[in-house]
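Protein chains: 2
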Amino acid sequence: MMVQKKTSPKKFGKKPVRAGSRSTKGVLRYVPLGGFEEIGRNMMFLEYEDEIIIIDAGIQFPEEETPGIDYIIPNTSYLESKKENIKALIITHGHYDHIGAIPYLLDKIGNPVIYATRLTKEIILKRQEDFPLSPKPVFQMVAGGETKQISKNFAITFFDVVHNIPDGVGMIIRTPIGNVVHPGEFKFDYDHDGKPRGLEIWEQVGKEGVHTLMLDSTGAEVPGYALSERIVEKELEKLFKAAKGRILVGTFASLVDRVSEIVKIAEKIGRKVAISGFSMKSNLDIAQRLGYVKFQKGTIIPLDEIHKHKDDKLLILCTGAQGESNASLMRIATGEHKQIKIKPGDSVALSSSVVPGNERSVQNLKDNLARQGALVYHHKMLDIHSSGHAPQEELKTVMKLIKPRFFLPIHGYYFMRWRNARLAQEELNLKPEQTILPDNGVVVEMTKEKVEVTDEQLPAYYVMVDGLGVGDVGEVVLRDRRTLAQEGMLVIITTISKQSGRILKNPDIISRGFIYLKENQDLLDDIRRKIRGILGKSPKGQSIDADYAKTLIRDQIGQFLYNKTQRRPMVLPVIIEV
Amino acid sequence: MMVQKKTSPKKFGKKPVRAGSRSTKGVLRYVPLGGFEEIGRNMMFLEYEDEIIIIDAGIQFPEEETPGIDYIIPNTSYLESKKENIKALIITHGHYDHIGAIPYLLDKIGNPVIYATRLTKEIILKRQEDFPLSPKPVFQMVAGGETKQISKNFAITFFDVVHNIPDGVGMIIRTPIGNVVHPGEFKFDYDHDGKPRGLEIWEQVGKEGVHTLMLDSTGAEVPGYALSERIVEKELEKLFKAAKGRILVGTFASLVDRVSEIVKIAEKIGRKVAISGFSMKSNLDIAQRLGYVKFQKGTIIPLDEIHKHKDDKLLILCTGAQGESNASLMRIATGEHKQIKIKPGDSVALSSSVVPGNERSVQNLKDNLARQGALVYHHKMLDIHSSGHAPQEELKTVMKLIKPRFFLPIHGYYFMRWRNARLAQEELNLKPEQTILPDNGVVVEMTKEKVEVTDEQLPAYYVMVDGLGVGDVGEVVLRDRRTLAQEGMLVIITTISKQSGRILKNPDIISRGFIYLKENQDLLDDIRRKIRGILGKSPKGQSIDADYAKTLIRDQIGQFLYNKTQRRPMVLPVIIEV
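Quick mapping for you: the protein sequence lines, in order, are chains W and B. When the letters of the first sequence are read in order and numbered with the working numbering, they come out as residues 1 to 578. When the letters of the second sequence are read in order and numbered with the working numbering, they come out as residues 1 to 578.
Isolated chain W, as found in the complex (with noise of 0.2 Å):
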């Protein structure tokens, strides 16, 4: 049984385990790289033979474990030694968690053709721009109907899913050993009844004939049916109706399809709407500009100019309902926006679930607007239910409809992967064998007749992007950094003389992160001389050696200051000889 500790020695370690050279003739290959053990870094490919097709390529953002990190994104040694192989990189749409490490892979996996629909095509693009170093990237537009014949052994027909970005599509892979669908990610849009619009496409699929299909589980822990966005809006509408002064609206970027619902509101109550958040703006332009969305003209307004138009007249979008700290919302709640400050009698509502681990960065900026006399709104349990991820009763409709022979869940951590295989045991009647449960990176082969996880395991450890490196904060960085922030450390340098082996002055001690040394002047003494007493045991005259000496100053302050102070900040002693 594998056991997971806290700091998971697989996310860091290099050493993956290979299975040797079996025989892989006739066998489809699945990898998930990334995606499997943590929520964004979404990566997978399947190889059969000498052909690999990738699906999406996207960032992670850091968590507690990886302090300083800006992203981490998929490990792409296996494919980077196979590049030749590669004949798609295919999108499933245009979230950062599922094309935001293009930039980063695309040369070093040889800038295969990438298969995308026409906005997620533009929203890489864009991104594209702040990385001039990376390759052009080459196209291949899809659209939901269609079939693309990629490779020798590989054909698939595309079919649009609702999620909360338009245009993004779901697959019929059709490989030799049979159909693999995978159907990105979605959830069901509802009529005006409340029934689900869209469900014959399912059926559809299923009936095709399907030998695996993978489903999407980051919504599998969640109970029901999803909110149907025509509540959100109705909710929206309500608040937006009742507010008197100003109406500030935070969300995501990324949800295109929320972020035209809202300017749409706007119009129908009759009020402009001003977006503040760079990428909520671009994303929002190249949707217009694709007419994926459509506004009356004179609608949005530069941010500049809404000292022109009333107070009960504006509606102003903006990014950063997560508290991030750069982010629109965050800098006018700080004062720090320049166009923008809260005034009493604004109305400002949080439209975007939270992000776990961004709850207290939430409430601060909750705190911040409310203090300034802003009303803020904020439809906790609303949100919860209105996510881009199908729930249980949503993923338990589209098993049925499909059928699959072999379950595969994907996205999100192993108990929500388990969570999800459970559901299509009982829904489907599949015995555990026939549902799927691989960790990042290991090899999943499947035949015509089963579906196996194998002892095979390609690399798959973190790749860390920090500032302009990438790749090169490893373990031992991360390690000190989580040990400095606990306890921080002190450098203690003691000069000594070459010949005499004598300490020359007073040892010089620095310390951040551990006490304030100017108030403890009798621990610096102490430590002091402790060093003297360390390093005076060696005989007169006779040259010390600095590496012993060395850990005996770490382990003796050490544990000095652990008496003194049940802390153990790191210790780094530097003899200089002179």
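FYI, nobody ran anything at the bench for these hints, they're computed from the structure. Treat the hints with care, as some may be off.
Note that the list lumps identical chains together, so a pair holds whenever it fits in one copy or between two copies.
To be verified - In silico lysine-lysine, DSSO-like type, Cα no more than 27 Å apart, as pairs:
hint: 1; residue 1: K448; residue 2: K108
hint: 2; residue 1: K136; residue 2: K564
hint: 3; residue 1: K238; residue 2: K396
hint: 4; residue 1: K343; residue 2: K11
hint: 5; residue 1: K341; residue 2: K431
hint: 6; residue 1: K238; residue 2: K431
hint: 7; residue 1: K195; residue 2: K530
hint: 8; residue 1: K431; residue 2: K343
hint: 9; residue 1: K550; residue 2: K498
hint: 10; residue 1: K498; residue 2: K272
hint: 11; residue 1: K341; residue 2: K11
hint: 12; residue 1: K518; residue 2: K11
hint: 13; residue 1: K241; residue 2: K82
hint: 14; residue 1: K308; residue 2: K550
hint: 15; residue 1: K403; residue 2: K207
hint: 16; residue 1: K505; residue 2: K550
Start from chain W and add chain B according to the hints.
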């Protein structure tokens, strides 16, 4: 308008504003010392001329801004200066956010009489055992229905409230300016028909005529009514009945009511109960000894006897449903628990809502358990609605039964208190100036006619406990810890000749948490070259100013590293003159 930045200077600042000597004769002064800008660290006091009564003395758990800290306790500087006036420390219930700071503060505030109910008293005494240097507390026992004359100006009538620990009390504080009501922390108790029980107590309180009502705001953002514990019980019973192997239940040690409910269900379905977790066991022992909970003889078995019972006759209660690294359930999940290892067929239920900030740890915990074959149950939705804190509809009911002239929302972040104030404005037709929103440390003055938030600010900045130190970690140390965590650090040691000012040896560079230097030899060489450049500029033969040189190194190497890596490690230059 006060704008609070992400790191609030108020939390760490040391300069309270005093409004000068206004007359306080005939004025009741109210000050929250903690718990008004956070969850936890609850402490407040009332002062009438030369008499002070304190309510609660809790700890707060550390937050992201306070890495490495054990906990945060209330600031009692003001109380210490007036300790001869302190007539009582009154404790509402036995949770650590209300009693946890007692051993740290008792001595400082002159060991006043502690007013507490029986169970609360025993829990305080139990904790006191860990602090042999803290003075022996002096208790005055109280119970619902009793009235105590605390001092000349204060009398208190206690009344029973339902929380998730037994023996919680609320109080009518009878003061010269009128009755101030503080109901402690509570939720409604529902009968089997779903009707709230015991509303007559609130009605009774209202009939006394209430000047100011204080009301817990923790649940003020949660719509609706709380879920009856009956429903939670039913769900747990259903789950337990379906379990085929062992049952493990993880919950908070402090949720004494939930814990004893679970033991009772175990009795009903014929399972023995073992308890893993010191604090849970000792809380339950105390409650049992005092007769608050009653179990059949033989239901509870020692942990080392679990092997004597069949799997389907066993239920193990453990601490650690929050993924706390040292708690029992986490040690079980990671295989570090001595007596208990997970085996396939075990059912594990997490029965406590997730504390904000713990989401990822809990996810990890569930992953670990599920990987080992346990059936994991986590009723998120159930738990959100079964917290110990009255949600909106219950708060509204209490407000309407008590009909206070002034409303003072207590406990919780500003936004929660603000939300609570809005509820009162709507339900009781109060004007905004009748709903009082002071921050920590702010003095509120109450007279018969009015309640006023003054501009007097008492010290309320964080007092942090870290290892053996109380209050010795300040903002400077914490800021360093945060910086070190984000970007690491670099110590540069240059040895120069006192006489010639020349560099005597190649500068020593130590780095931690920045990049792995062994793999970045070029960067090291560049840094050394730059240092030689910086120090070489001083005219030869002339002694260099060490402080100036250090500033140059810090700035120029810092900038150089940023240009090269876009990271800003802490640069610590040391110059050794020999």
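Here is how each hint holds up against the structure:
no. : hint        : verdict
1   : K448 x K108 : neither (32 Å within a copy, 76 Å between copies)
2   : K136 x K564 : between (60 Å within a copy, 25 Å between copies)
3   : K238 x K396 : between (33 Å within a copy, 23 Å between copies)
4   : K343 x K11  : between (46 Å within a copy, 25 Å between copies)
5   : K341 x K431 : between (59 Å within a copy, 26 Å between copies)
6   : K238 x K431 : between (48 Å within a copy, 24 Å between copies)
7   : K195 x K530 : neither (77 Å within a copy, 69 Å between copies)
8   : K431 x K343 : between (60 Å within a copy, 20 Å between copies)
9   : K550 x K498 : both (15 Å within a copy, 26 Å between copies)
10  : K498 x K272 : neither (77 Å within a copy, 70 Å between copies)
11  : K341 x K11  : between (43 Å within a copy, 24 Å between copies)
12  : K518 x K11  : between (40 Å within a copy, 22 Å between copies)
13  : K241 x K82  : neither (58 Å within a copy, 53 Å between copies)
14  : K308 x K550 : neither (69 Å within a copy, 53 Å between copies)
15  : K403 x K207 : within (9 Å within a copy, 65 Å between copies)
16  : K505 x K550 : both (17 Å within a copy, 19 Å between copies)
Comparing the model with each numbered hint stated earlier shows that hints 1, 7, 10, 13 and 14 do not hold.
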